[in-house]
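K.L.:
Sequence:
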Amino acid sequence: MEKVSLTVKKGEIYGFISLNGACKTTMIRMLLGMIRSTGGGVRLFGQRIGLGSTTIWQKVGYMVEIPSAYPQLTVRENLEIVRRLHHLRSKESTEAILEQLGLMPYRDVKAKTLSRGNLQRLGLARALIHQPELLILDEPTVGLDPAGIVEVRELLLSLALN
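Throughout the sequence shown, residue numbering follows this note's numbering, covering 4 to 165 in sequence.
Some hints could be false.
Unchecked claim - Distance condition first, Cα-Cα at most 20 Å in a straight line; then the derived SDA-like pairs of lysine to any residue: (1) K12 <-> K115; (2) K12 <-> I38; (3) K6 <-> I20; (4) K6 <-> R32; (5) K6 <-> G24; (6) K115 <-> R79; (7) K12 <-> R46.
Unchecked claim - Listed next, with one range per pair, are the computed distances between beta-carbon atoms: (8) G42 <-> F19: 12 to 22 Å; (9) S40 <-> R110: 16 to 26 Å; (10) I69 <-> M107: 16 to 26 Å; (11) E142 <-> N165: 18 to 28 Å.
Calculated from the structure, these hints are not laboratory results. If you're wondering where the values come from, they're calculated on a predicted model, not measured in any experiment. For glycine and all other residues, C-beta sits at the position ideal for the given N, C-alpha and C.
Let's have the full structure, built from the sequences with the hints guiding it.
P.N.:
Structure representation (structure tokens):
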């Protein structure tokens, strides 16, 4: 991608759609300050984003490529770590996101034993637990069955409307 200029307003959903290898993930990583932009600049919420600009992550939920988790920890334990990293005091946020993403039956299951679809749901839960103002997702429905894809699309639409 070259010379991208994008303004996203509250409630809007945007997607990068192109062939594999067209730098969609690279663009997302630049938006998040995970890699240095090759030219120009990146701004989120009026703040210039550069390599290592992690303070923006308090306002942004993200999932880049394959969702990650601590394999030896349960789904709940993984979410508890993210909750604490975001300085969320209430453990209710963990329970609420487990319910919202349909992960309640798997809350005590180790992440390493999850199906690809449930690992994807855990990644979404990690991105959403702190109720971010902006959500950046890289292929959020990969690994989900058709019903799961519909659920995620409906969830994203409901989040955009709130």
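K.L.:
Hint by hint, which ones does this structure get wrong, listed from lowest number up?
P.N.:
Structure breaks hints 1, 2 and 9.
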